[in-house]
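Chemist: Starting from the known structure of chain A, arrange chain B on it as the hints suggest.
If you read the protein sequences in the order shown, they are chains A and B. Here the working numbering runs 11 ahead of the position in the first sequence, where the first position is 1. Here the working numbering runs 11 ahead of the position in the second sequence, where the first position is 1.
Warning: the hint list may mix true and false statements.
Identical chains share a label here; the pair holds if one copy fits it or two copies do between them.
[As the list claims (entries may be wrong)] Here are the simulated lysine to any residue pairs, SDA-like style, with alpha carbons at most 20 Å apart:
id : residue 1 : residue 2
1  : Lys-59    : Ala-35
2  : Lys-39    : Gln-61
3  : Lys-39    : Gln-90
4  : Lys-59    : Ala-154
5  : Lys-59    : Ala-25
6  : Lys-59    : Gly-34
7  : Lys-39    : Ser-51
8  : Lys-39    : Arg-129
9  : Lys-59    : Asp-180
10 : Lys-39    : Ala-25
11 : Lys-39    : Gly-50
12 : Lys-39    : Asp-101
If you're looking for bench data, these hints aren't it; they were derived computationally from the structure.
There are 2 protein chains.
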Amino acid sequence: MARSTRETILAAAAELMHRKSYGAVGMKDIVAASGAPIGSLYHHFDSKVQIAREALTNAGAAYALLIPSIVDGYPDLGQAIDAVFGQAADDMQTTGFANMCPVGSVAAEVADTVEPLRETCAAVFDGWFGAGTGYFVGRGLSAEDAREVTVALVGALEGAFVLARTLRDTEPLLIAGRVLSSRYRGIALSALSPRVLPTAVGPAR
Amino acid sequence: MARSTRETILAAAAELMHRKSYGAVGMKDIVAASGAPIGSLYHHFDSKVQIAREALTNAGAAYALLIPSIVDGYPDLGQAIDAVFGQAADDMQTTGFANMCPVGSVAAEVADTVEPLRETCAAVFDGWFGAGTGYFVGRGLSAEDAREVTVALVGALEGAFVLARTLRDTEPLLIAGRVLSSRYRGIALSALSPRVLPTAVGPAR
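Next up, chain A with everything else stripped away, as it sits in the complex (with noise of 0.2 Å):
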């Protein structure tokens, strides 16, 4: 049961912190949106903060998932990538633009402010990089290039991210699809392998 009551927590905070990024969250809130007491909040948690971390660590390990999900159909590395914006440019519009990475949103608002929370979004942020890299090493690109695509797939996500949501509008989510895409078609991506895979991006999964 102490399990599933810290889970329920984690779960509670990481809804709150996608709709609400982080500051405007408080310890009530979480209180309110679990049904866990504040005096269990504080048993498992020594703060918000520490709250949030293991929030944001939880959110980073499942999203890491997201793009291999959608990549794993595609021959092309550039058809693959055209995917991945489509996606979320669909996934923007069906919920009405809800933010699509709090560890994103969480970043931009405290990376100067909350130290321990910078840390975590940074160490979640080369999670992505190091599994990505492996995923796309596991798919036939040399380091450097697989580094490079993941590199610049998420921050070309992040960035659409942002003004799609703010715009109300898949504009920007489509335009960077396009040309990040274009860069990258015609390299192919070789199959999966069962044996190359789980090594690839086993730290993340």
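Modeler: Okay, now just chain B, sitting in the frame of chain A:
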């Protein structure tokens, strides 16, 4: 004097949001940073939201000049884009990875929670897209290409800013510049025409 106090308040608020984003900035912080008494804040402005709206609008107008000021010097679109990201990377390194764009960080924080501020940030982004498109049309691009490069450039910069600030590393900016410039290398920019330029970017200047 009334005008000067107003401007002092807005400049202090802009600087505070630059470092602390929006939620963590209180009216008391603006009082302390501006030196203006609290009564003066409420004489000039209805609320913190109104101060933030005007400060972000001013910041947006100032930032609209930055990209043209760099691109002006280049006859090739790809080279110009490389220069924009190179300058941004230098600026981040020099400032110890300061926030390069309070409009982006505030937008990421409040897009789902403070509707008037979302609207202000959307108007700033729209203004940048219009001014940038006008600028590149003035340098000889088609309207469609001009809008594409403008939206892609703003999105890639915003995303790379968040990653670079969080990671304390310029790699995301340098990779974004390399990837984006590769699409546009070899596309000539025509010489600046004094007659075309003020009309094209006039509204945002």
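Chemist: Look at each hint and say if it fits the structure.
Modeler: Going through the hints against the structure:
1. Taking the shortest Cα distances, Lys-59 and Ala-35 sit within 20 Å of each other both inside one copy (12 Å) and across copies (15 Å).
2. In this homomeric assembly, Lys-39 and Gln-61 come within 20 Å of each other (Cα to Cα) only inside a single copy, at 15 Å, whereas the closest approach across copies is 27 Å.
3. In the homo-oligomer, the alpha carbons of Lys-39 and Gln-90 never lie at most 20 Å apart, since the shortest distance is 45 Å inside one protomer and 52 Å across protomers.
4. With identical chains, the CA atoms of Lys-59 and Ala-154 are never at most 20 Å apart, being 38 Å at best within one copy and 48 Å at best between copies.
5. Proximity of Lys-59 to Ala-25 under the C-alpha cut-off of 20 Å is restricted to the intra-copy arrangement: shortest distance 12 Å within a copy versus 27 Å between copies.
6. For the homomeric pair Lys-59 and Gly-34, the shortest alpha-carbon distances inside one copy (10 Å) and between copies (16 Å) are both at most 20 Å.
7. When the C-alpha separation of Lys-39 and Ser-51 is checked against a cutoff of 20 Å, the pair qualifies only within one copy, where the shortest distance is 12 Å, while the shortest distance between copies is 33 Å.
8. For the identical chains of this complex, Lys-39 and Arg-129 are neighbours neither inside a copy (23 Å) nor across copies (25 Å), given an alpha-carbon limit of 20 Å.
9. Taking CA atoms no more than 20 Å apart as the test, Lys-59 paired with Asp-180 passes in neither setting, with 33 Å inside one copy and 27 Å between copies.
10. Taking CA atoms no more than 20 Å apart as the test, Lys-39 paired with Ala-25 passes inside one copy only; the shortest distance there is 14 Å, against 30 Å between copies.
11. In this homomeric assembly, Lys-39 and Gly-50 come within 20 Å of each other (Cα to Cα) only inside a single copy, at 11 Å, whereas the closest approach across copies is 31 Å.
12. In the homo-oligomer, the alpha carbons of Lys-39 and Asp-101 never lie at most 20 Å apart, since the shortest distance is 34 Å inside one protomer and 42 Å across protomers.
Violated hints, listed in ascending order, are 3, 4, 8, 9 and 12; each of the other numbered hints is respected by the structure.
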